[in-house]
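Peer 1: Here the protein sequences line up with chains A and B, keeping their order.
The first sequence begins at 35 in our numbering and counts up one residue at a time.
The second sequence begins at 8 in our numbering and counts up one residue at a time.
In short, the hints are calculated from the structure, not lab data.
Errors might be hidden in some of the hints.
[As the list claims (entries may be wrong)] Taking beta-carbon pairs under 8 Å as the criterion, some of the chain A residues facing chain B (in silico):
1) Pro280
2) Asn446
3) Glu471
4) Arg472
5) Gly509
6) Leu515
Each residue gets a CB set at the ideal place from its N, CA and C atoms; glycine is no exception.
Read off the chains here:
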Amino acid sequence: MINAVGREVPHHPFAGVGAKLVSGRQASPPIRSCEDYPGDGNKRVPDLMTALKNAGLRDGMVISTHHHLRNGDYLAAKLFAAADALGVRDLVWFPSAVFPCHAELIPYLERGVIHHIEGSLNGPVGDFASEGGMKGIAVLRSHGGRYRAMQDGDVRVDIAVIAAPTADPFGNMRGTTGPSACGGLGFAVADAQYADHVIAVTDNLVRFPCAPWQIQGNYIDQVVVVDRIGDPSKILSGTTELTRSPERLLVAEHAARFVAASGVLREGWSFQAGAGGISLAFTLFVRDLMRERGVRARFVRGGSTRYLVEMLETGLTDFILDGQTFDLDGIRSMRENANHIMTSPFNSYNYHGKGNLASLLDCAVLGATEVDLEFNANVVTHSDGRMLHGIGGWQDALFSRCTILAVPTFRNRVPIVRERLTTFCGPETLVDVIATERGIAINPRRTDLLAAVAGSDLPLKSLEELKAEAEALCGGPPESLELSGPVIGHVTWVDGTLLDVVRQVTA
Amino acid sequence: MNVRADAWVAVTDAPRAGFSLTTSVEAIYGASLRRQITSTLAAFGNPGVHLEIHDSGALPFVVEARMEAALCAFLCVPLPELPASRRRPDRHRLRRTRLYVPGNGPKQFANAGLYGPDGLILDLEDSVSPDAKWAARALVRRAFATLEWPGCERIIRINDGPEGLEDLAAIAPQGIEAVLVPKVEEPETILSIAALLDSLELETLLIPLLETPLGIQNAYAIAKSSPRIVALAIGLEDYATEIRAERSESGNETAFAHGQLVNAARAAQVSPLASVFPNIDDRDAVFRYARRMRGLGFDGIGCIHPRQVRAAHAALAPSVDELERARLIVEGYEAAIAEGRGAVSVEGRMVDVPVYERARHVLAQGEIR
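Starting from the given sequences, assemble the full structure and let the hints guide the process.
Peer 2: And the structure:
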């Protein structure tokens with residue numbers, strides 16, 4: 035069937051932003067009795083394999099983990115090694131994101147221990163799936179979409195395994211202390227609430243109570259202590275130095291000049307910041323602009339880094355609402371500063387809820403792999419159809435009041451502004467501005483923004499002009515891509531409908 | 008090959024003539040690349056050789072230059088002729104910043120003009136390793152033939168010695184506006200370069216780069232050696248060593264060189280240009296450096312990273328008083344011309360064409376961010 039944006043999808047076609055009517059009740063985990071748990075609160079079991087056996091692990095179950103430990107995660111590998119040793123097959127892995135370190139799991143995909151992955155795919159695992167290596171179809175969801183899928187019952191997690199940088203025997207846990215400290219544990223909140231069975235795995239067991247806790251032990255079935263849950267040098271991002279790439283700096287500067295000229299940057303504003311090259315540079319440019327103008331933000335959402343912490347500590351923002359903590363300063367700040375607050379995708383992004391933070395944001399600066407002339411965008415596949423990035427919080431943050439996709443017009447001879455998107459991930463009704471190194475395009479739908487910057491010295495251009503400039507350098511319009519391989523992935527919208535499919539590419 | 012946006016080409020005498028290609032843009036430009044390679048081989052008369060090409064997203068002109076360099080070196084033939092593109096250089100334009108771009112690093116070429124330097128230098132000299140000189144010459148030639156950098160003076164830095172003359176002969180016809188001539192010590196160096204440009208019937212301007220005690224000593228003679236010269240630039244990387252001074256925080260050891268160069272340039276009515284600034288992360292330091300150079304009399308500085316351009320322009324911007332005086336001169340002169348008056352004086356000072364032009368440039372400097 036063809037969905038509202040003209041893409042062929044197998045079921046649940048996307049009908050437009052806000053078009054899906056909701057009804058019914060949320061999913062709920064099984065009822066448990068405290069009589070079945072140790073009265074002394076000690077839920078420790080000897081090892082992960084025992085915990086999995088106790089949890090009733092069997093073929094075909096849905097198993098979740100989280101990406102708080104980013105590229106330093108040891109837990110997913112330990113988990114599937116244990117499952118393999120138990121002879122279990124056809125598991126569905128439901129991670130909050132996949133990192134390059136998870137290339138270790140490819141043998142389990144090849145041997146059928148893991149049937150397929152539902153979660154953001156990239157890196158070597160993304161390549162493996164793109165080339166048709168996975169037995170089942172990948173389901174790509176945003177961070178908010180992942181929460182909603184569990185809440186709405188689209189996905190029932192049989193066993194959630196949560197890496198806990200610090201935990202007590204009851205299962206209270208936090209991420210701000212311990213040798214594998216990573217900051218907030220927000221991505222695991224949904225799994226703690228909705229999974230049938232929840233296992234906490236820690237390398238830093240403390241006496242009860244682990245206070246303050248980020249996830250309460252009342253959700254936890256079992257606690258396992260291991261030597262290490264992750265590699266601290268890879269848990270923290272190495273990318274929080276300001277980029278030296280002149281193109282990226284110019285893109286970020288154009289985005290920053292846009293928010294300044296349009297009045298989006300004003301006393302009490304809010305914005306979403308990430309830790310990628312352009313996003314981080316944007317944060318620093320707006321920080322300087324805020325200092326110059328003497329204005330403060332009420333809150334910044336992000337991806338916290340030392341730069342955001344500095345803004346908090348010097349009074350440039352009242353709060354950090356933190357979805358993910360990228361460096362030691364971020365972790366310290368979350369631990370010590372009451373105005374640096376952990377948030378979960380429920381707070382930030384959940385679409386089927388009573389509001390979320392994303393729509394409160396005055397501005398979000400995001401990336402994209404492609405945009406089309408109508409301002410629709412792609413973030414998951416490369417122009418050859420290969421899965422390149424997870425959706426992450428990208429679709430969710432599109433709901434900000436001014437969403438800027440900050441992208442170069444071409445990367446290594448790949449033009450970004452395209453006649454047709456390789457994969458449709460985000461609808462134009464939510465994309466307001468495209469900021470590039472060659473100029474800034476404003477969605478004609480946003481007559482308010484157009485009026486706000488009329489007469490400014492911003493380099494305003496149409497997407498057609500940006501496309502033509504990039505194509506003049508790259509050697510004309512790209513050849514059309516004929517992807518006729520089998521479907522290997524579904525791209526979900528935040529409401530659970532399907533925006534597009536991803537097809538197999540040749541190796 | 009790890010370098011992005013470039014192409015690696017090898018030529019071999021293979022039994023099977025033709026080419027093999029791997030490219031990161033197979034899906035979207037694979038067919039177009041194959042057409043380009045076929046057509047280039049045809050232009051070389053389909054020599055019985057095999058081209059092995061590994062492309063990581065190079066722009067078409069880069070692929071072309073890499074093929075040309077490899078084929079010409081293998082076949083021992085000169086680079087193929089390109090249609091000449093003549094430009095009339097502007098002697099009086101601003102030269103606050105000149106941005107150096109390494110001549111064998113094609114990834115930076117296409118966007119280099121976006122950062123707004125007054126001049127863009129594709130460098131064949133210090134930033135290119137000896138074994139890459141030939142490839143860089145082919146690449147820079149194609150870059151000038153293909154790319155526009157609106158608002159930027161198009162400059163090459165050639166190598167010194169005979170290699171520089173070969174660089175010039177190959178590239179100057181591609182719309183080069185100025186040539187930065189390295190390590191100039193004697194007027195004769197300039198004369199030979201000017202003679203070559205004369206024979207090519209090009210109006211290209213020259214900027215001698217004085218980097219040695221002898222060059223500094225001969226600054227005035229060099230500045231006066233050709234009417235093509237519009238500026239003298241100073242390069243101080245090795246200068247302190249050569250005069251056997253120690254590099255110091257204060258920079259006192261270069262005081263004479265700075266003073267001598269500014270004086271010689273002003274005496275010869277050309278523009279004195281200061282050296283590059285090595286720190287690229289500290290924009291305040293760039294600003295302070297450019298301000299100090301301006302204080303010494305220099306009109307501009309060299310930039311090694313686009314981030315330096317904005318800070319340098321801010322530092323070199325004219326003061327409010329200077330802008331006001333320039334505005335009076337321009338308005339007075341233009342009014343006088345409009346009224347058909349011959350002699351013009353503004354605030355008691357005679358204004359002739361050079362004074363008017365200079366005032367216009369001051370105003371332009373004030374307007375540019």
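Peer 1: Output the indices of the hints that this structure fails to meet, ascending.
Peer 2: none
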